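Model the full structure from these sequences, guided by the hints.
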Amino acid sequence: MNPDQLLIINARLLDPVAFKERDEDLLIIDGRIAAVGAGLRTDAPNARVLDATGKCAAPGLLDIHVHFREPGQEHKETIATGARAAVAGGFTTVCCMPNTTPALDNDTQIEFVLTQAARAGFCDVYPFGAITKGRAGTELAEIMLMHEAGAIGFSDDGVGVASPAVMTRALQYVKMIDGLISQHCEEPSLSGGSMHAGAAALRLGLGGIPAVAEELMIARDLQLNQRIGARYHVQHISTAGAVALVRQARQAGQAVTAEVTPHHLLLTDAACAGYDTNFKMNPPLRSAVDVAACVDAVADGTIDCLATDHAPHAREEKDMEFDKAPFGITGLETALPLYAEALVHSGKLSWVKLIEKMTVNPARIVRLTDRGTLNRGAIGDVTLFDPHAVWKLTHESTQSRSHNSPFYDRPLRGRVTQTIKAGRLVFNLEQAAPKGRDHSGKAAIGQ
Amino acid sequence: MTSAVEQRGSAAVTAVSSAEQKTWCRPHLLGLEDLSRDEIMILLDTALALQEVSTRSIKKVPALRGKVVANLFFEDSTRTRTSFRLAAQRMSADVMDFFVATSSVSKGETLADTARNIEAMGVDAIVIRHRSSGAPHSLAKQVKCSIINAGDGSHEHPTQALLDMFTMREHFLPQGRTIADLHVAIVGDVANSRVARSNIWALTRLGAKVTLVGPTTLCPDSFAGFGVNVVHSLDDVLPHVDVVNMLRVQFERLTSAAFPSVREYSRFFGMNEQRLSRCREDVLVLHPGPMNRGLEISSAVADGPNSAILRQVSNGLAVRMAVLYLCIGAASFTSRNTPSNP
Chain U
13 MNPDQLLIIN
23 ARLLDPVAFK
33 ERDEDLLIID
43 GRIAAVGAGL
53 RTDAPNARVL
63 DATGKCAAPG
73 LLDIHVHFRE
83 PGQEHKETIA
93 TGARAAVAGG
103 FTTVCCMPNT
113 TPALDNDTQI
123 EFVLTQAARA
133 GFCDVYPFGA
143 ITKGRAGTEL
153 AEIMLMHEAG
163 AIGFSDDGVG
173 VASPAVMTRA
183 LQYVKMIDGL
193 ISQHCEEPSL
203 SGGSMHAGAA
213 ALRLGLGGIP
223 AVAEELMIAR
233 DLQLNQRIGA
243 RYHVQHISTA
253 GAVALVRQAR
263 QAGQAVTAEV
273 TPHHLLLTDA
283 ACAGYDTNFK
293 MNPPLRSAVD
303 VAACVDAVAD
313 GTIDCLATDH
323 APHAREEKDM
333 EFDKAPFGIT
343 GLETALPLYA
353 EALVHSGKLS
363 WVKLIEKMTV
373 NPARIVRLTD
383 RGTLNRGAIG
393 DVTLFDPHAV
403 WKLTHESTQS
413 RSHNSPFYDR
423 PLRGRVTQTI
433 KAGRLVFNLE
443 QAAPKGRDHS
453 GKAAIGQ
Chain R
23 MTSAVEQRGS
33 AAVTAVSSAE
43 QKTWCRPHLL
53 GLEDLSRDEI
63 MILLDTALAL
73 QEVSTRSIKK
83 VPALRGKVVA
93 NLFFEDSTRT
103 RTSFRLAAQR
113 MSADVMDFFV
123 ATSSVSKGET
133 LADTARNIEA
143 MGVDAIVIRH
153 RSSGAPHSLA
163 KQVKCSIINA
173 GDGSHEHPTQ
183 ALLDMFTMRE
193 HFLPQGRTIA
203 DLHVAIVGDV
213 ANSRVARSNI
223 WALTRLGAKV
233 TLVGPTTLCP
243 DSFAGFGVNV
253 VHSLDDVLPH
263 VDVVNMLRVQ
273 FERLTSAAFP
283 SVREYSRFFG
293 MNEQRLSRCR
303 EDVLVLHPGP
313 MNRGLEISSA
323 VADGPNSAIL
333 RQVSNGLAVR
343 MAVLYLCIGA
353 ASFTSRNTPS
363 NP
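First to last, the sequence lines map onto chains U and R.
Following the numbering used here, the numbering of the first sequence begins with 13 at its first residue and continues without gaps.
Following the numbering used here, the numbering of the second sequence begins with 23 at its first residue and continues without gaps.
Worth flagging that the hints you see were computed from the coordinates, not collected in a lab.
Here the structure is a predicted model, which is why all the values come from computation and not from measurement.
Glycine included, every Cβ here is placed at the ideal spot set by N, Cα and C.
Check the hints yourself; a few may be wrong.
Just the calculated beta-carbon pair ranges, DEER-fashion [claimed, not checked]:
no. : chain 1 : residue 1 : chain 2 : residue 2 : range
1   : U       : G162      : R       : A246      : 51 to 59 Å
2   : R       : S244      : U       : Q443      : 36 to 44 Å
3   : R       : A142      : U       : R379      : 31 to 39 Å
4   : U       : V29       : R       : P242      : 23 to 31 Å
5   : R       : R315      : U       : K145      : 29 to 37 Å
6   : U       : R239      : R       : A246      : 51 to 59 Å
7   : R       : R315      : U       : S201      : 47 to 55 Å
8   : U       : M156      : R       : D56       : 54 to 62 Å
9   : U       : Q263      : R       : P282      : 39 to 47 Å
10  : U       : W403      : R       : R138      : 31 to 39 Å
Structure, rendered in structure tokens:
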């Protein structure tokens, strides 16, 4: 048997780029897609065979917005535990945000993340570098050096770049490298609360984060960037007004992309009623009108990309008063079924359209041209999932180091069964835990 | 449950309970939003029965003898803490006071750990005051004893609203009017006020007409979603109301200046003699205290014949006795009926 050849048979292949849906075989050789077609067994008689009867095979999923907390907050998540959670959720490429301690704001930090990711070995982890030094919003960070070291884009995520002058310089500066600015859109002088400023916050006596705080910064950035024309991406969009701004800008011919999380497509601010801090995130859960607008915007293509904002926090940190607890929830391991619930099971999108927004679209935003498709020659990243399996996330099965999700005990439909990274099986549901490289650097592959 | 009240204090409570044919089943009092009209009436009727205790020469009944009540106050509040303490003592409970400054909270202990430690000492009820909205709700999920909310952030202050109801009832019942017959104005910093929220729930549940009055920055129109009127002119409202509940301007909770100056606020939203003259002659003026005299209320009004401010304080005692008695009673009833682990 040739360990460098993997043949997936009996799967329904989903490819958003080339052929949409096909019931054929998929052959991976030396970490690349070698062939898609019927009866490939004769072409590769020595390949390892994975029988995927009843399952869909999609290009490996990408998530361009996760928090892996290393360096500095390894008790929440490390790059290794985060990558393990990623492959358990079907992700083969993730991009981590630079709001670590210290922030990823120089080339050494970027190299560190890439080294740790290689050491972990489950999936590709590409770091975003900070836009400003220490994410303080005042001076530009070493954007060119970080770019050279492998930063995939730039963001001060956790906060937006508040100063229009600094933001202008950032947009101008990244033009030299055709770099991506990924903005956390929140005007800080209007913000400062702990949930959406709406009827529920009024009832609960909690300070609000108004929708207009998000919309104002998007409007400002679009206005600034109209003249500059840098690559600009709106992170975790959450309001009807924000969606309308992005739609308008696109209709006017301005290039802008946007992502949305699973929770902003499924939950409203009413969920905060019990003061459960697993419903506290930033942007906060919004109104039903906002949720509907976000779902519609995914359906009509205004929102091109799905990203989880996976934000692990330790139990004792979340186990605090609502206004004191940190923002954020984990998301990698439940992303596929939750997006399917909001978009596919609800009849808004086909599976292949959903896969497009989880693979080739985010890949294009971060300019990873070798993935997001099952085309011959693409990287051999494949996610196998059972679209009908009904299951629940349990604390025992959780691969992330943190468990701060509001989705435990929610029936989930659609489950990742195997994740293949460059031809290697890095997650297999039938096995207890996914396997990666051991510390000698040698691949420990399942099967 | 009524058997826990022994002899002297019991007659009235038993009479009320049997007349209403309703029972109190909540081990916690976290807020008034979830309470039914009947539950609020049980609290008020029980308070009425217990009020008599404070008129005796020996101001004590053994209803909560052997029970322990912990006052856990994360915010300064001499009045509410003392009132709860005295209420517990009048029911013969033992009382412990915990202060933030002297406890391990200042050493970084979490709220849940603090509460669990206090509970481990064998406490039957924790009375909590906290600056975070929802803190009592989180605690109620983490401990087994009764949790009594003595004010959480801007969320609720149920015993304050109950004593306000009690005071209105006491004042208007002799005239043959119930709370359902009243039009109540709640005036001032509604957005930051837990007193306002608890009052809104209690008053609307009991059928009163409620009008909120304050500057748009402190009294947003979105409160109309709670089934109340929202207006921004105090002078227009005053001739039409039976009760004016003046809220304290909470400088500690104002995140940015919501009005330009004390002078301007006082001029448009302060209660003074001139404004009092616009009111019905028998209007009842309430204030939860502590007052900013000269800001939201003038001394002449606060100390005048229409003011029930000191009655509120006296009635607070009876209300808190009732709350402790009913919640601790319900908690011990629940635990008796929960099978213990083999």
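Against the structure, the hints come out as follows:
1. Judged by the Cβ atoms, the range 51 to 59 Å given for U/G162 and R/A246 holds: they are separated by roughly 54 Å.
2. Between R/S244 and U/Q443 the CB atoms are about 52 Å apart, so this pair departs from the stated range of 36 to 44 Å.
3. At about 57 Å, the beta-carbon gap between R/A142 and U/R379 misses the expected band of 31 to 39 Å.
4. Take U/V29 and R/P242: their Cβ atoms lie about 50 Å apart, and the range 23 to 31 Å is violated.
5. At roughly 50 Å, the beta-carbon separation of R/R315 and U/K145 lies outside the given 29 to 37 Å, and the hint is violated.
6. For U/R239 and R/A246, the Cβ-Cβ distance of about 43 Å falls outside the hinted range of 51 to 59 Å, so the restraint is violated.
7. For the pair R/R315 and U/S201, the supplied restraint of 47 to 55 Å is violated, since their beta-carbon distance comes to about 34 Å.
8. Judged by the Cβ atoms, the range 54 to 62 Å given for U/M156 and R/D56 holds: they are separated by roughly 58 Å.
9. U/Q263 and R/P282 have their C-beta atoms about 42 Å apart, which keeps the hinted 39 to 47 Å range intact.
10. About 34 Å separates the C-beta atoms of U/W403 and R/R138, a value consistent with the hinted range of 31 to 39 Å.
Checked against the numbered hints above, the structure violates hints 2, 3, 4, 5, 6, 7; every other hint is satisfied.
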